[in-house]
Amino acid sequence: SQQGEEDPQALSIQEGENATMNCSYKTSINNLQWYRQNSGRGLVHLILIRSNEREKHSGRLRVTLDTSKKSSSLLITASRAADTASYFCATGYSGGGADGLTFGKGTHLIIQP
Amino acid sequence: NAGVTQTPKFQVLKTGQSMTLQCAQDMNHNSMYWYRQDPGMGLRLIYYSASEGTTDKGEVPNGYNVSRLNKREFSLRLESAAPSQTSVYFCASSEFSGGSYNEQFFGPGTRLTVL
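Chains as they are written, first to last, in the numbering used here: chain A, 1 to 113; chain B, 1 to 115.
The following block holds chain B by itself, in its conformation from the complex (with noise of 0.2 Å):
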């Protein structure tokens, strides 16, 4: 099993240009999920989706949006690409049960430069 995977692994951008951060899981996990990481912090959650076909807003969901394809694949969109979304952005799965949330799985990240 892959596990999670992210492509590409690293972008380059100029200020406006768009760019879709692609994730698929093959663990059958029902959530997934989309943070970004700033140097010397930790993940910030952007979006989630906490079963296929839903999609909810996190801490800072500004300037991107995402698509549950299916319930493998869950995608990340930056329409306008700003200087402030240079990070590195994770995907993440779990399989929510019994009332409670687990362990998640992080995909390698995807190192985004906005110049």
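Bound-form chain A, shown alone (with noise of 0.2 Å):
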């Protein structure tokens, strides 16, 4: 069973504008990821936030964790045509074993130009 579940499924947004997607999980975690997919691509990691960790940057993107809800935020601010793709979050099937990552079935964001 897929373990993160993002919201919303799909987001359409002009360019510019920012963009903000959520995903929520069920167990406890290591750690959390983001990956962007792009159409009929393998993935591309974007980010890593630990369970330490409250908030992340890197670039354009904003990533928060809050563990006592068991929910994350992906941010893409002043959104660009390039970043239309599927996003989704991935977290480990236990809490520190390198076996595997679970992911949820992803936001579809499109941005307009």
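Just so you know, these hints were derived from the structure itself, not from any lab. Treat each hint with caution, since some may be false.
[To be verified] In silico BS3-like cross-links for lysine-lysine, where the CA-CA straight-line distance does not exceed 25 Å:
no. : chain 1 : residue 1 : chain 2 : residue 2
1   : B       : Lys-57    : A       : Lys-105
2   : A       : Lys-70    : A       : Lys-56
3   : A       : Lys-26    : B       : Lys-57
4   : A       : Lys-105   : B       : Lys-9
5   : A       : Lys-69    : A       : Lys-105
6   : B       : Lys-71    : B       : Lys-9
7   : A       : Lys-26    : A       : Lys-56
8   : B       : Lys-9     : B       : Lys-57
9   : A       : Lys-26    : A       : Lys-69
None of these values were measured; they are calculated from a predicted model.
Since each chain comes alone in its own frame, lean on the hints to assemble the complex.
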């Protein structure tokens, strides 16, 4: 079963606006990761936030983590057409093992020029 | 560095045929993974190999076998393909260190259709 659930499933905004997508998960985690997937391509890692961190920045990306609510959000500021993609949150199957990631179904983001 | 490479990129099989998907990474990572992605879905873990010489089942292992040939290569075999195995298959690798897993690096995927 998929632990992460992204919300919304689809999001369409104008270029230059900010895009926010959310992720909820069910069990305790070691860290939570966000990935981007362009149509028909492999996944690209965006950012990793550890369970003892509350916020992390990388360029135009800001990720927050609330372990008490088992939720995370990804904010993309000043969106560009090239940001059009599907975005997935992912958590480990177990606390700290190398046993793979559980992905949500993703948020499909469309940036309109 | 090529990162994670997968072959073939596309494949069409008939029900009952067998095939092996190949994956290699040149980042000297210990851990490797096979996922499948069905339309409109996230990725689901088929098998993983935490280190050379070990393999373990993931969420959806039925109908598949794997081989960790060496540290670089991790193959996925379908012994008797079924239409339900029509999917896009992704291989990934990561470095597990300090008691924590890190980011995963993904290959470009193999698009498999079983008729």
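Checked hints:
no.: 1; hint: Lys-57/B - Lys-105/A; result: holds, 21 Å
no.: 2; hint: Lys-70/A - Lys-56/A; result: holds, 16 Å
no.: 3; hint: Lys-26/A - Lys-57/B; result: holds, 21 Å
no.: 4; hint: Lys-105/A - Lys-9/B; result: holds, 23 Å
no.: 5; hint: Lys-69/A - Lys-105/A; result: holds, 20 Å
no.: 6; hint: Lys-71/B - Lys-9/B; result: holds, 22 Å
no.: 7; hint: Lys-26/A - Lys-56/A; result: holds, 21 Å
no.: 8; hint: Lys-9/B - Lys-57/B; result: holds, 24 Å
no.: 9; hint: Lys-26/A - Lys-69/A; result: holds, 9 Å
Of the numbered hints listed earlier, not one is contradicted by the structure.
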